[in-house]
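Just so you know, the protein sequences line up as chains W and C, in that order. For the first sequence, the numbering used here begins at 1 and goes up steadily by one. For the second sequence, the numbering used here begins at 1001 and goes up steadily by one.
Calculated directly from the structure, the hints in this document are not laboratory data. Every residue gets a Cβ at the ideal spot worked out from N, C-alpha and C, and that includes glycine. Please note: incorrect hints may appear among the correct ones.
Residues from chain C shown here face chain W by an in silico Cβ test under 8 Å; the list is partial [to be verified]: (1) T1078; (2) G1085; (3) S1223.
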Amino acid sequence: MKAEHILPDSSPPQKRVFPFLLIILFLILILLGINLGEVSTVMEKATKICLDCIGVG
Amino acid sequence: MPVLRRWIQIVATVLSNAYWMFPHTKGIYQGTLKSMCVPGLNCYSCPAATGACPLGSLQSIIAGLRPALKAGHFHFGTYIIGILGLIGSLVGRMPCGWVCPFGLLQELIHKIPSPKFEIAKTLTYMKYLFLALFILILPALVVDDYGYGITWFCKFVCPAGTLEAGIPLLFLKPELKESIGALFYFKLTILFIFIVWMILSRRPFCRVACPLGAIYSLFNKHSAFRMIHDPDKCTHCQECYNNCPMGIKFYEGSNQYDCIRCLKCLNESCRFGAISYEIAGMPVVKIRDRRPEVQRSEVGSQRAGNE
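So that you can see chain W by itself, here it is in the shape it has in the complex (with noise of 0.2 Å):
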C-alpha cells in the first residue's frame, strides 16, 4: 500500500480567519463561566443521578 501526496487541483482556498475568532470568542466563553463558578455547577449536577434522566423523576 503506497501512500501518494496530492495537493487538491482546483485553485487553493484562501486562509480563513473567521473561525479563529469563533475559537477565541468561545475560549472567552470558557474563561469566563470558570470565572463565574460555573465548572462547579456542572460537577454538582453531574454527580448526583438524574432522575429525569432515567424517567423516574
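Here the structure of chain W is known, so what remains is to put chain C in place on it, guided by the hints.
Quick look at chain C alone, frame taken from chain W:
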C-alpha cells in the same frame, strides 16, 4: 481509515464510560472529571460515565437560571456553550462521527440485516426544534413555584439517558423500581422506536432528534476544518451517498449541516478525487492510498464500452 475511525469511536466510548467501580460502590462516578463536558452524547447518570453530558449540563443550568440569579450567581451556561462552540469552531460536527458513543451504537445497530429506508429531509429539521424547545426555551420558561425548571429533553426524550442510565440504575439500585411509572415506560418506548429505526435507517437519532448534533451542525460551514467538493471531478455517481452514514449527497453541498466529517466519502467512496478537505483555508495534503484515481473521461469510455 475506516478501522482507525472505528477504534477511535470505541476508545472514546470506553473513556467516556471508564468508571468500572460502580458495581462495588453502587453509585455513579463523583470525581473531578465530572466537571468536564464530554464532546458526545453520553448521559452523566450512567454508572460508568466519567464526564458530564453537555446537553444535560446546559439544561440544568438553564433550568436553575432564575434561582441562581436571585442568589447572585450569574450562571448562563457560558462554560458549556464555550466548550461546544470551541469544538464546533474547530471541527464542526466531527465529534458525532468520531467520538459520540450513541453515534457508534447507531452505526453498529444499522449493520443488522434488514430492508433499509431513507429519512425524509424535512424530518431532519426537527433536531433544531428539539434544541430550541426542549433545551433552551422550556427549561427556562416552565418553572415551579421556586423558579426551577426541568430538563425537558432528558426527562421526556433522550433515549441515551434511558439506555445508559435508566436501565442500568434500575439493576444497580433495585429500590428505584418502586418509583418508576408511566414516564419510564414512555421513555422506554421512545428508546425502542429509535432502536428499530436505527436498524432500518442510517443514524436516525443524529439526523432527527439530537440537539447536540444540531448545535455542532451550525458550525459546519464556518469551522476551521471543512470539506471541499471539486465539481469538475465529480461524476454524481452517488457512491458517496451510498456510503454516507448520514445519507448525504456530497455533491449537493460539501459542508451540509448533517455532515459528521467521518470521511467515509473521501476514503471509501470517491474514486475521482472530487472530495478533499482544508483547515482554515490552508492547503491540505491529502494522503491517498489503495484506490487508483479514475478520470471522468475513463468513466465515459467505460460506459461507452459497456453499451
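Evaluated hints:
1. Satisfaction of the interface hint for C/T1078 is found here, the shortest Cβ-Cβ separation to chain W being roughly 4 Å, below the 8 Å cut-off.
2. The beta carbon of C/G1085 comes within 3 Å of a beta carbon in chain W, closer than 8 Å, and the hint placing it at the interface holds.
3. Annotation: C/S1223 was flagged as interfacial toward chain W, and the flag holds, the nearest CB pair being 6 Å apart, inside 8 Å.
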